[in-house]
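There are 2 protein chains.
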Amino acid sequence: MNFDDIKLPAGMAGNVDHVGIAVTNLDDAVKLYKGLLGLELDGVEEVPREKIRVAFLRLAKGSGIGHIELLEALDPDSNIGRFIAKKGPGLHHVAFAADDMTQALANCREAGIRLLNEEPVVGAHGKMVTFLHPKDTGGVLVEICSAEH
Amino acid sequence: MNFDDIKLPAGMAGNVDHVGIAVTNLDDAVKLYKGLLGLELDGVEEVPREKIRVAFLRLAKGSGIGHIELLEALDPDSNIGRFIAKKGPGLHHVAFAADDMTQALANCREAGIRLLNEEPVVGAHGKMVTFLHPKDTGGVLVEICSAEH
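Protein sequence lines, in the order shown, are assigned to chains F and R. With our numbering applied, the first sequence corresponds to residues 32 to 180, in that order. With our numbering applied, the second sequence corresponds to residues 32 to 180, in that order.
Chain F on its own, in the form it takes in the complex (with noise of 0.2 Å):
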């Protein structure tokens, strides 16, 4: 990976889209960030083909941009579920905006990046999305997922 090959713009939104974090009650992690950190409940939502339940907690500056996003496992044999076996509940992945998906990836490819799924899928909210792989980012789960608009 060559990161002075990698080239601006990158086809990304600047920003970031959501923050992932893995629980193992999403009960009580919705009444943590929205009782005591002030965040609105934007709705929960089954992704069955991740084996997950997911909450959507709104940031209160722009409209819509900007979540938390609270992950428990349906199933321990899911990403999520393997996930807290192995490192507990916490921080899970953090999701940039990119205005053109292709360009991203394509930047992505071109700095030598690997992407664990190299099209990119239909995550919740219906938006398409691609990871990386956290060895070529520094350890972060790295999400590249469609901006709103």
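FYI, nobody ran anything at the bench for these hints, they're computed from the structure. All figures in this text were calculated on a predicted structure; none of them were measured in a lab. Take the hints with a grain of salt, since some may be wrong.
Pairs count within a copy or across copies, as identical chains cannot be separated in the list.
List of simulated lysine-lysine pairs, DSSO-like, C-alpha gap at most 30 Å [unchecked claim]:
hint	residue 1	residue 2
1	K158	K62
2	K158	K82
3	K62	K166
4	K65	K166
5	K62	K82
6	K82	K65
7	K65	K118
8	K117	K158
9	K65	K158
Starting from the structure of chain F, add chain R where the hints point.
Just chain R now, kept in the frame of chain F:
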């Protein structure tokens, strides 16, 4: 801890001030987040008390999340140095902004959430900051920091 006792309003601004990421090489990490992920570098600052060097990357307006904070240890015997030695580099903490820090911390105490520092200390950018005990917040190192006005 009894989440049902948590009362609103919590003195919180309702947004994320920053997401903190522990990195092994700050310059490489800046290239990644600036060059590939399209964020703007606001500056680099040393925080001698924490024995770290921090880069702030500003998120585009419209995001409810203000900054990405990249944290490089200047000494293995520092919080970030020990974190990386134990868990490797990666997502470290998430900071929620408080309009009323005193009220926010009183709510935490009332909810039975332990504070890592009972009194706020001066963090990067001169903000007052307090960390909550990750065992009381589902494994997430939550920072409460004074909101920008």
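Results of checking the hints against the structure:
{"no.": "1", "hint": "K158 x K62", "result": "both (26 Å within a copy, 27 Å between copies)"}
{"no.": "2", "hint": "K158 x K82", "result": "within (17 Å within a copy, 40 Å between copies)"}
{"no.": "3", "hint": "K62 x K166", "result": "between (33 Å within a copy, 16 Å between copies)"}
{"no.": "4", "hint": "K65 x K166", "result": "between (33 Å within a copy, 18 Å between copies)"}
{"no.": "5", "hint": "K62 x K82", "result": "within (22 Å within a copy, 35 Å between copies)"}
{"no.": "6", "hint": "K82 x K65", "result": "within (24 Å within a copy, 33 Å between copies)"}
{"no.": "7", "hint": "K65 x K118", "result": "both (25 Å within a copy, 29 Å between copies)"}
{"no.": "8", "hint": "K117 x K158", "result": "within (28 Å within a copy, 34 Å between copies)"}
{"no.": "9", "hint": "K65 x K158", "result": "both (24 Å within a copy, 23 Å between copies)"}
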